[in-house]
Amino acid sequence: MGNEHDAMDAMEDMIVALYEKIGQLQMNEAFYSWSKTILVNRCKTLHKLKVMIGGDRYDNDRGQVTGA
3 MGNEHDAMDA MEDMIVALYE KIGQLQMNEA FYSWSKTILV NRCKTLHKLK VMIGGDRYDN
63 DRGQVTGA
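With the numbering used here, you'll find the sequence shown wraps up at 70, consecutive numbering, no jumps.
Hints are not guaranteed to be accurate.
Stated by the list, open to error - Below are the BS3-like pairs computed for lysine-lysine, each with C-alpha atoms no more than 30 Å apart in a straight line:
{"id": "1", "residue 1": "23", "residue 2": "46"}
{"id": "2", "residue 1": "50", "residue 2": "38"}
{"id": "3", "residue 1": "23", "residue 2": "50"}
{"id": "4", "residue 1": "38", "residue 2": "23"}
Hints in this document: simulated from the structure, not taken from any laboratory.
Full structure from sequences and hints, please.
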């Protein structure tokens, strides 16, 4: 992820997604792989966003682009 803040953002997003979609889980045994898939997908999305915006110019705490 690049730094601790980005990793924590991805974890927080995963927890929210798990809470919102827990009803879609069909087998309790699949929880680990299901949650890991959600986390990996969120990490990929955040990485793509960071690359598209220009890396360090993206302020994850506020979700805004900062000055160049």
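Hint-by-hint comparison with the structure:
no. : hint    : result
1   : 23 x 46 : holds, 19 Å
2   : 50 x 38 : holds, 18 Å
3   : 23 x 50 : holds, 23 Å
4   : 38 x 23 : holds, 14 Å
The earlier numbered hints are all upheld by this structure, with none contradicted.
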